[in-house]
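**Q** Chain residues, written in single-letter form:
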Amino acid sequence: MEKYLYIALFAPLVGSLFAAIFGAQPKIKFVGLAASGFLFVSFVSALVLLFEVMATGQAIHVEMMPWIAAGDLYIPFGFVVDQVSAIMMVVVTTVSTIVHIYAIGYMDHDKGFNRFFSWLSAFVFSMMILVMSDNFAGLFIGWEGVGLCSWGLIGFWYHKESATWAANEAFIMNRIADLGMLLGIFLIYWNVGSIQYDAVFAAAPTIANDTLVWIGILLFIGAMGKSAQFPLHPWLADAMEGPTPVSALIHAATMVTAGVYLVIRANPIYVEIPDVGYLIASLGAFVALFAASMALVNRDMKRIIAYSTLSQLGYMFVAAGLGAYWVALFHLMTHAFFKALLFLGAGNVMHAMHDELDPYKMGRLYPIMKGTAILMIIASVALAGIYPLAGFFSKDKILEVAFSGEHYILWGTLWITAGLTAFYSFRLIMLAFFGDTARYKEHGIHPHEAPKFMLVAMSPLALLAIVAGFFEHGFVHFVNAVLPEFEFHTHHVEMILIAVTSLMALGGIAVAILLYRRGRISTKWESTWVYKMLINQYYIPKIYDLIFVKPYGAFSHMMWKNIDMKVVDATVDFIAKTVYSTGEKTHTMQSGNLSVNLRWMVVGVMVLLLAAFVPTLWEFASNFYTQNLHYFGAN
Amino acid sequence: MITVSHYLVVAALMFAIGLIGVMRRKNLLMLFFATEILLNAVNVALAALSNHFGDLTGQMFAFFIIAIAASEVAVGLGLLIVWYKRTGRLDLDELTTMKG
Amino acid sequence: MFEVISFYFFAIVTLGAFWITVMSKSALYSMTALAMGMIMISGFFFLLNADFLGVVQIIVYTGAVMAIYAFGMMFFDTIKEVKEKNPSNILIFVLGGLSALLVVIIFAAPMYSEHINALYPMVTQTLGEGDQAIEQVVLNSESVGVVLFTKYLIPFEVAAVMLLVAMIAGIVLAGKKMDESLTLMSDAEIEERGF
Numbered sequence: 001m002e003k004y005l006y007i008a009l010f011a012p013l014v015g016s017l018f019a020a021i022f023g024a025q026p027k028i029k030f031v032g033l034a035a036s037g038f039l040f041v042s043f044v045s046a047l048v049l050l051f052e053v054m055a056t057g058q059a060i061h062v063e064m065m066p067w068i069a070a071g072d073l074y075i076p077f078g079f080v081v082d083q084v085s086a087i088m089m090v091v092v093t094t095v096s097t098i099v100h101i102y103a104i105g106y107m108d109h110d111k112g113f114n115r116f117f118s119w120l121s122a123f124v125f126s127m128m129i130l131v132m133s134d135n136f137a138g139l140f141i142g143w144e145g146v147g148l149c150s151w152g153l154i155g156f157w158y159h160k161e162s163a164t165w166a167a168n169e170a171f172i173m174n175r176i177a178d179l180g181m182l183l184g185i186f187l188i189y190w191n192v193g194s195i196q197y198d199a200v201f202a203a204a205p206t207i208a209n210d211t212l213v214w215i216g217i218l219l220f221i222g223a224m225g226k227s228a229q230f231p232l233h234p235w236l237a238d239a240m241e242g243p244t245p246v247s248a249l250i251h252a253a254t255m256v257t258a259g260v261y262l263v264i265r266a267n268p269i270y271v272e273i274p275d276v277g278y279l280i281a282s283l284g285a286f287v288a289l290f291a292a293s294m295a296l297v298n299r300d301m302k303r304i305i306a307y308s309t310l311s312q313l314g315y316m317f318v319a320a321g322l323g324a325y326w327v328a329l330f331h332l333m334t335h336a337f338f339k340a341l342l343f344l345g346a347g348n349v350m351h352a353m354h355d356e357l358d359p360y361k362m363g364r365l366y367p368i369m370k371g372t373a374i375l376m377i378i379a380s381v382a383l384a385g386i387y388p389l390a391g392f393f394s395k396d397k398i399l400e401v402a403f404s405g406e407h408y409i410l411w412g413t414l415w416i417t418a419g420l421t422a423f424y425s426f427r428l429i430m431l432a433f434f435g436d437t438a439r440y441k442e443h444g445i446h447p448h449e450a451p452k453f454m455l456v457a458m459s460p461l462a463l464l465a466i467v468a469g470f471f472e473h474g475f476v477h478f479v480n481a482v483l484p485e486f487e488f489h490t491h492h493v494e495m496i497l498i499a500v501t502s503l504m505a506l507g508g509i510a511v512a513i514l515l516y517r518r519g520r521i522s523t524k525w526e527s528t529w530v531y532k533m534l535i536n537q538y539y540i541p542k543i544y545d546l547i548f549v550k551p552y553g554a555f556s557h558m559m560w561k562n563i564d565m566k567v568v569d570a571t572v573d574f575i576a577k578t579v580y581s582t583g584e585k586t587h588t589m590q591s592g593n594l595s596v597n598l599r600w601m602v603v604g605v606m607v608l609l610l611a612a613f614v615p616t617l618w619e620f621a622s623n624f625y626t627q628n629l630h631y632f633g634a635n
Numbered sequence: 001m002i003t004v005s006h007y008l009v010v011a012a013l014m015f016a017i018g019l020i021g022v023m024r025r026k027n028l029l030m031l032f033f034a035t036e037i038l039l040n041a042v043n044v045a046l047a048a049l050s051n052h053f054g055d056l057t058g059q060m061f062a063f064f065i066i067a068i069a070a071s072e073v074a075v076g077l078g079l080l081i082v083w084y085k086r087t088g089r090l091d092l093d094e095l096t097t098m099k100g
Numbered sequence: 001m002f003e004v005i006s007f008y009f010f011a012i013v014t015l016g017a018f019w020i021t022v023m024s025k026s027a028l029y030s031m032t033a034l035a036m037g038m039i040m041i042s043g044f045f046f047l048l049n050a051d052f053l054g055v056v057q058i059i060v061y062t063g064a065v066m067a068i069y070a071f072g073m074m075f076f077d078t079i080k081e082v083k084e085k086n087p088s089n090i091l092i093f094v095l096g097g098l099s100a101l102l103v104v105i106i107f108a109a110p111m112y113s114e115h116i117n118a119l120y121p122m123v124t125q126t127l128g129e130g131d132q133a134i135e136q137v138v139l140n141s142e143s144v145g146v147v148l149f150t151k152y153l154i155p156f157e158v159a160a161v162m163l164l165v166a167m168i169a170g171i172v173l174a175g176k177k178m179d180e181s182l183t184l185m186s187d188a189e190i191e192e193r194g195f
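Residue numbers (this note's numbering), protein chains in the order written: chain A, 1 to 635; chain B, 1 to 100; chain C, 1 to 195.
The reader is advised that the hints may include incorrect statements.
To be verified - With a straight-line Cα cutoff of 25 Å, these simulated SDA-like cross-link-like pairs (lysine to any residue) come out:
(1) C:K25 with B:F53
(2) A:K361 with A:I513
(3) B:K26 with C:P155
(4) A:K160 with A:D300
Stated by the list, open to error - Here are a few chain B residues that sit away from chain A, every Cβ distance over 12 Å (derived from the structure):
(5) I2
(6) S5
(7) H6
(8) T57
(9) F61
(10) A70
(11) S71
(12) V75
(13) V82
(14) Y84
(15) R86
(16) E94
(17) L95
Hints listed in this document are in silico derivations from the structure and should not be mistaken for laboratory results.
Ideal Cβ positions, reconstructed from N, Cα and C, are used throughout, including at glycine.
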């Protein structure tokens, strides 16, 4: 089985390196095919591993080679495929394979075709390291690797100012969070003396509670950055500057869920500190509502979906925070499928509309883009949580978890959010595909359906979005081998809860359809303060700009003027000037007269001889002194 | 009793004479003579140390130095002749084509 | 006693000859003094049990090198003195003297260090029998031959090639346009012929 593990891990790397060879060359279709092929191989291996783990119930653990071995510190490049990582691997490789194939069509006319595949496969490789590592150091490598690839892919169209800005924003915000995570890992090492999962989790109950709280919070800060939780969330919406397959793969299905994965993986730590867990859950619920509210009014298709992702990540954190780890993982999986599908559909629309993202400029696209529309509707229904699609099962379980723990405020928040989710999803669908008028005609756009193979590539995701929910029982049984079980105390009200939630979701859909059946609603309410606050994302980017960016800019300017120019540059200039003036003064020595040169040579030999001789003399003198101390009057 | 130090002192003095010659003379031919003196001084030192340690390595080096000296004379003298043919003088101070 | 006398004799004569070489105004005197010094140096080699080296010294230096110089000087106008203008003789002598001092000290340094063992010890053999047996160094040329053609074979061959190259270079450089005497030509003619 080790063989499959290595294949699953390294096939994306091979694909990435292969594509990188042609990185600077114009488009070669074969590169895309090869990268997709390697991904498919990785996907198959991941499936084999999943079935193997399923059959034996045993985790596959390998140690490829030692990485750092210094004193007591021993960190190997070790990989573990247990129930959790097998699920993650399959999710990651499934979505990535589909996105790769989709991207062959999507990036068809792009100059950076080969470069794109290199980055994308490199991302998958990093993600695999992240989920497969058997220690926190390996996790951190993957963590940084996906961050780097995300940076490269958000800023893929680097000639666009906004893209580079968004890439840097994402990278810097993640860096802040990573510092927290790194400190958490240091703290773990400090207290346990190892950062292997096994050792750490075995030792978790013995660590002092205060310390464990700090570890939990610091690790969660890392998770907050990667999963774009408040207050580190603005980067995710801006990250939509990247190509749409990237948004689908990285900023919806895989990378942003790494934070959730971390909390799930570190569950033995969080089990010991329920207060921190409750904090995580509260923050998650807040983000769910907060992000959903911003999605209500946004006029950028991809941003709406991005806020929806943010909101769903909030759901996952609620489940993980309240100790229902398998529920979080289950929602992570179903969400990956339908959210990736939604994004890819949005990519089709975007392509059709010539990169126009404002749904107010679309309308009545359904007759032209039937396939895409149906796929997106499936994804939206799944997202809204309507029976029998995947979202229903996972989201409903999260609500049940909140209710079961008697956290009624959390439950209420999530319940409202469920309605909002349904509303904004169908607002988008209605605006883009239905309505009375085809508004795109006013803007002189002639949309066309995406190539058939892209739709075919998307169809497995649609299938999974529909049926994934029915695997719930098998899933619970499978992952509970490593994750703690969660006791539901809601059997008596289960059906009522389901009914209430479903009604909320259906209500959201109905309101959206009614409101937007004619296209856009009246513009009157756009002048209200609520709308203004929502469309400006609660003014948070502006506040950040005011509090952090501007003062830091001023500080940097000051440092540049005073320290860099006056101290650093002056020092360097001084050295350069000294060298110059020395040359000016001594160039007469270079008379070209051999006799003079010879004399200088002898002087040089003299200096060298002295250099060889003086230390010897010094040593001799000191020896002489120590041997004859009594002559010098010392006793 | 003559020790190795005596030989080394003589060799060092020879070397110094050679150095003085190299620095002092402006006649290119004299420069070659001085170089020969330098090489021979080293040879004497090598032979003396070889004898002192009972090791033939020193002598081996001396042989190769002699071989190099012979080659140097052949090439150097050839160049000198060409130079003399061209300018009619052997004055070192005229060789200033390398002026920086 | 014999060694002491001969050492000082060789030392004084060699240094004197070299001094004349360096100081003499006439190149001819210099060369003669140099040849003498070379022969005297071979005396050192004989004293140091390096018989073969001594012989080579006489043959190569006095026989070959000096002969080349002598022939080479036939190309030059040795009567014409080169102008020697030395701004600071003191500097030169101070430099020479100081470096001599330092070199002597550095050469003497191995004497203080210990544990230096011969890598290629001189081969000895026992002469005589019984009480009269004495250890004696085998003929120097024999042991030199052994070492030279085993350990130092490749450097030896390289040196041979180098000598060949040097010979060819010497011939090419000196032998070009041998049939024309530049000293008898006018400057204009030399320019014309493009030397």
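**Q** Tell me, which hint numbers fail for this structure?
**A** 1, 3, 16 and 17
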